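*Asks:* Sequence:
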Amino acid sequence: MPSAGTVYNTQNFRNILYQFSTSTISASWHGFEDQQSSVKSYEIGVYEDESNTLISRIDSVSMSNYHTFKYLELKNNYSYYVKVQAKDAMHHASQNVSSPLVRIDTSPPIAVKCQIFDNLHIQPFFMKKQNKSLGIQKAVMKGKVSSKKNRIYRLRMDILQKLQFNTLKFRIGNEVMVLSVYQNEDSTSSVEHQFLPIYEGDIDFEIMISSIEELLEEKIQIRVQQCKSFATSTSPLMIRQLNPGLLSVCSFLSDPESGIARVLVGAGTTRGGYQVRPLSPFSKFNHGLIKTDIPHGSRIYLTAVATNNAGQRSIFTQEVTIDHTPPMISNVNVKIHNADNFRKSMEKNFSSIGNTTELSITTPLGETHLRVGWRASEEESKLLRCYCSVDPWQASSVRNWQHSVNDTYCEISNISFDHGTKVFVSIKCINAIQLAGEETVGPFTIYHMSPKAKRASISFYPDNQYTVLETQPKVQVQSNLTHVDFTWDGFEDAAGNLSYETRLLKGDTIIAPWRSVGFRNSAQRKTPGTQKGDTILLEVRAINNGGYKSQVINTSIVLDNRPPIIAGLPASYDASKGSYNIKWPNVFSSSPYGSTIYLISAGSSGGSSDILSPVSTMADQIDLEWTNDRTQNEIFVNILAFAANGEFSRYDTKFLVG
1 MPSAGTVYNT
11 QNFRNILYQF
21 STSTISASWH
31 GFEDQQSSVK
41 SYEIGVYEDE
51 SNTLISRIDS
61 VSMSNYHTFK
71 YLELKNNYSY
81 YVKVQAKDAM
91 HHASQNVSSP
101 LVRIDTSPPI
111 AVKCQIFDNL
121 HIQPFFMKKQ
131 NKSLGIQKAV
141 MKGKVSSKKN
151 RIYRLRMDIL
161 QKLQFNTLKF
171 RIGNEVMVLS
181 VYQNEDSTSS
191 VEHQFLPIYE
201 GDIDFEIMIS
211 SIEELLEEKI
221 QIRVQQCKSF
231 ATSTSPLMIR
241 QLNPGLLSVC
251 SFLSDPESGI
261 ARVLVGAGTT
271 RGGYQVRPLS
281 PFSKFNHGLI
291 KTDIPHGSRI
301 YLTAVATNNA
311 GQRSIFTQEV
321 TIDHTPPMIS
331 NVNVKIHNAD
341 NFRKSMEKNF
351 SSIGNTTELS
361 ITTPLGETHL
371 RVGWRASEEE
381 SKLLRCYCSV
391 DPWQASSVRN
401 WQHSVNDTYC
411 EISNISFDHG
421 TKVFVSIKCI
431 NAIQLAGEET
441 VGPFTIYHMS
451 PKAKRASISF
461 YPDNQYTVLE
471 TQPKVQVQSN
481 LTHVDFTWDG
491 FEDAAGNLSY
501 ETRLLKGDTI
511 IAPWRSVGFR
521 NSAQRKTPGT
531 QKGDTILLEV
541 RAINNGGYKS
551 QVINTSIVLD
561 NRPPIIAGLP
571 ASYDASKGSY
581 NIKWPNVFSS
591 SPYGSTIYLI
601 SAGSSGGSSD
611 ILSPVSTMAD
621 QIDLEWTNDR
631 TQNEIFVNIL
641 AFAANGEFSR
651 YDTKFLVG
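Once you know that position 406 of the sequence shown is 406 in full-length UniProt numbering, the rest is easy, because the numbers rise by one and skip nothing.
Heads up, a few of these hints could be off.
What follows is a list of derived Cβ distance ranges for each label pair [stated by the list, open to error]:
1) Glu48 with Lys219: 57 to 65 angstroms
2) Val405 with Ser516: 30 to 38 angstroms
3) Val178 with Pro278: 19 to 27 angstroms
4) Pro278 with Lys113: 22 to 30 angstroms
5) Arg271 with Arg385: 27 to 35 angstroms
6) Arg385 with Ile294: 24 to 32 angstroms
7) Arg375 with Gly311: 49 to 57 angstroms
8) Gly201 with Gln115: 46 to 54 angstroms
9) Glu206 with Gly311: 16 to 24 angstroms
10) Arg385 with Pro278: 29 to 37 angstroms
11) Gly311 with Tyr199: 18 to 26 angstroms
12) Ile58 with Ile294: 56 to 64 angstroms
Quick caveat, the hints were computed from the structure, so don't treat them as lab data.
A quick note: this is a predicted structure, and the numbers were derived from the prediction, not measured.
Beta carbons are placed, not taken as given, at the ideal position from N, Cα and C, and that holds for glycine.
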């Protein structure tokens with residue numbers, strides 16, 4: 001009886017664990033011997049492992065020690081083996097010898113991307129500090145990660161203090177890599193790395209940090225997350241540009257059936273090219289660095305070739321644009337909403353491309369919200385995050401940065417600055433290579449108080465035919481009934497930049513509603529529907545850029561174009577030793593608006609003033625010094641009575657002397 005030999009699951013006298021063909025399976029063998037007679041033939045068959053079902057059999061294979069079964073219908077993800085039995089010339093048969101199992105894997109490697117990370121926990125670690133050198137503190141954190149094969153893990157470290165460097169070294173297993181440090185809005189820092197272990201067990205890691213400040217162990221937290229749910233992707237490479245000339249590349253490729261045998265990654269300046277990096281393997285964690293000196297804005301094309309243990313290959317291509325510049329921020333828009341204690345809403349809008357326009361922000365009597373929108377342009381690499389802040393300094397090295405809602409919008413609440421403080425709004429966006437673009441707009445003036453009107457006053461410019469300067473009228477009066485001209489002064493606001501509104505009333509009736517005159521402190525308003533003798537009330541109030549209104553100040557003016565009334569009683573005179581006293585107390589009725597001014601002249605004939613040149617007086621009599629030469633027996637007197645509105649009446653008379 002022949003002795004048993006050894007059977008392999010390929011025709012090349014070696015074994016494999018996987019194959020992708022579903023129509024063929026091979027076997028080879030040696031060591032089957034017969035001491036009495038020679039081995040004449042072999043009986044071989046293919047069996048499915050789980051059910052031991054015979055798939056195909058050859059009764060006699062002679063003069064050969066290998067064979068390939070063809071035209072089979074093998075199933076994916078099933079295991080098969082080949083049985084071989086030798087027969088001698090006397091038809092004695094050896095024992096059946098089975099080959100090792102070969103598993104069918106018809107699917108090529110796939111790219112995977114984690115959708116949900118789970119099992120977050122704080123990883124205990126050991127921290128070893130080194131002595132400061134050149135003012136820099138260095139420390140090494142050591143720990144372990146318990147991993148499973150073909151699972152994606154994410155390791156995150158939070159440093160709850162400020163770091164001055166944006167990269168650090170990270171070692172996992174025997175591999176050392178450079179990771180980017182992300183600066184958070186609260187001056188803390190974060191580091192994150194994803195990896196796909198190729199074997200199970202504990203993996204040692206080390207994180208090497210440098211800082212100008214003292215590193216405190218209680219300020220550092222390390223967390224490990226395991227992927228709970230992942231999806232297939234067309235982009236297996238996680239590419240991060242660490243600086244203008246260095247790319248960090250990690251591949252995330254998986255093959256659940258047979259596993260990944262090798263991954264080759266190349267890079268070039270043309271699609272499918274390898275001018276930058278030849279097609280070659282990365283480390284066992286499929287992480288590597290690619291150095292390049294190509295110009296800003298140039299593209300690098302990466303090719304990843306993954307082969308599984310069944311021999312199936314997948315080819316993936318990705319591209320990245322080299323970035324040497326920070327993001328560009330433009331079209332800044334600021335919107336402010338303030339609700340004071342009376343629940344009155346005020347809003348202001350501001351759009352700016354430059355920094356020269358002043359805008360107002362209303363800050364609480366109650367609550368204030370500042371909303372900032374902008375456009376961030378980053379054509380080469382992607383935006384990671386944006387921040388915003390409000391500060392009283394245009395250039396500041398220490399800002400209270402707040403994380404934005406998204407890459408184009410930010411909200412800041414509970415602003416607390418003194419009334420009149422000028423502040424600046426800053427936006428900062430960081431791209432994937434940690435280059436930061438910053439834009440500051442303003443100044444914006446904080447308002448939470450109304451302008452003061454305690455010292456404010458109004459003055460009219462009466463529009464009269466004649467200006468009467470000598471009188472102080474009881475009330476302001478003018479003869480023009482169509483409009484009023486006026487000015488004001490004395491409103492105060494620490495923030496400055498006041499605008500004004502005016503209004504006219506006749507009694508309780510508004511004849512000219514509130515109207516803004518901008519920043520001017522004078523105005524002209526029409527007075528529709530007024531008649532002579534009407535009293536007009538003028539109101540003025542100041543408004544600051546925050547929307548707060550001052551108290552209203554007011555004054556009145558009478559519109560009356562009537563001249564003094566001639567009462568009808570004559571003037572008189574008394575003569576005494578060459579002196580004449582002319583009186584006219586009852587010639588004109590008294591004015592209700594104040595004193596009347598008289599312009600009196602006298603002459604030897606009507607219209608002349610050779611005896612008395614025109615004299616202005618508020619009295620109702622005047623002494624006339626005149627020596628009569630006996631040839632003149634009449635004195636002609638002319639009196640003009642001017643009211644406060646500039647209108648006048650004329651009275652002419654003559655006296656006989658002799």
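*Asks:* Just tell me: holds or violated, for the beta carbon distance of proline 278 and lysine 113 against 22 to 30 angstroms?
*Replies:* holds, 27 angstroms
*Asks:* Between valine 178 and proline 278, is the Cβ distance one that fits in 19 to 27 angstroms?
*Replies:* Cβ of valine 178 to Cβ of proline 278: about 22 angstroms, so the range 19 to 27 angstroms holds.
*Asks:* Is it true that the C-beta distance of glycine 311 to tyrosine 199 lies inside 18 to 26 angstroms, as the hint says?
*Replies:* holds, 21 angstroms
*Asks:* May I ask you to test the hint 46 to 54 angstroms on the CB atoms belonging to glycine 201 and glutamine 115?
*Replies:* violated, 26 angstroms
*Asks:* Starting from the range 56 to 64 angstroms, see whether the pair isoleucine 58 and isoleucine 294 falls in it by beta-carbon distance.
*Replies:* Taking Cβ atoms as reference, isoleucine 58 and isoleucine 294 lie about 60 angstroms apart, which means the hint holds.
*Asks:* In this structure, is the beta-carbon distance linking arginine 271 and arginine 385 contained in 27 to 35 angstroms?
*Replies:* Distance hint for arginine 271, arginine 385 holds at roughly 31 angstroms.
*Asks:* Between the beta carbons of arginine 385 and isoleucine 294, is the distance compatible with 24 to 32 angstroms?
*Replies:* holds, 27 angstroms
*Asks:* Is 29 to 37 angstroms right for how far apart the beta carbons of arginine 385 and proline 278 are?
*Replies:* Since arginine 385 and proline 278 have Cβ atoms about 35 angstroms apart, the given range 29 to 37 angstroms holds.
*Asks:* Assuming the hint says 30 to 38 angstroms, is it satisfied by the Cβ distance from valine 405 to serine 516 or not?
*Replies:* Roughly 35 angstroms apart at Cβ, these two residues keep to the hinted range, so it holds.
*Asks:* The hint says 16 to 24 angstroms between glutamate 206 and glycine 311; measuring C-beta to C-beta, is that right?
*Replies:* Since glutamate 206 and glycine 311 have Cβ atoms about 37 angstroms apart, the given range 16 to 24 angstroms is violated.
*Asks:* Does the beta carbon distance between glutamate 48 and lysine 219 stay inside 57 to 65 angstroms, or does it fall outside?
*Replies:* Between glutamate 48 and lysine 219, where Cβ atoms are some 59 angstroms apart, the hint holds.
*Asks:* Using the beta carbons of arginine 375 and glycine 311, state whether their distance is inside 49 to 57 angstroms or not.
*Replies:* Holds - the Cβ-Cβ distance for arginine 375 and glycine 311, about 50 angstroms, lies within 49 to 57 angstroms.
The structure is inconsistent with the numbered hints 8 and 9, although it conforms to all the rest.
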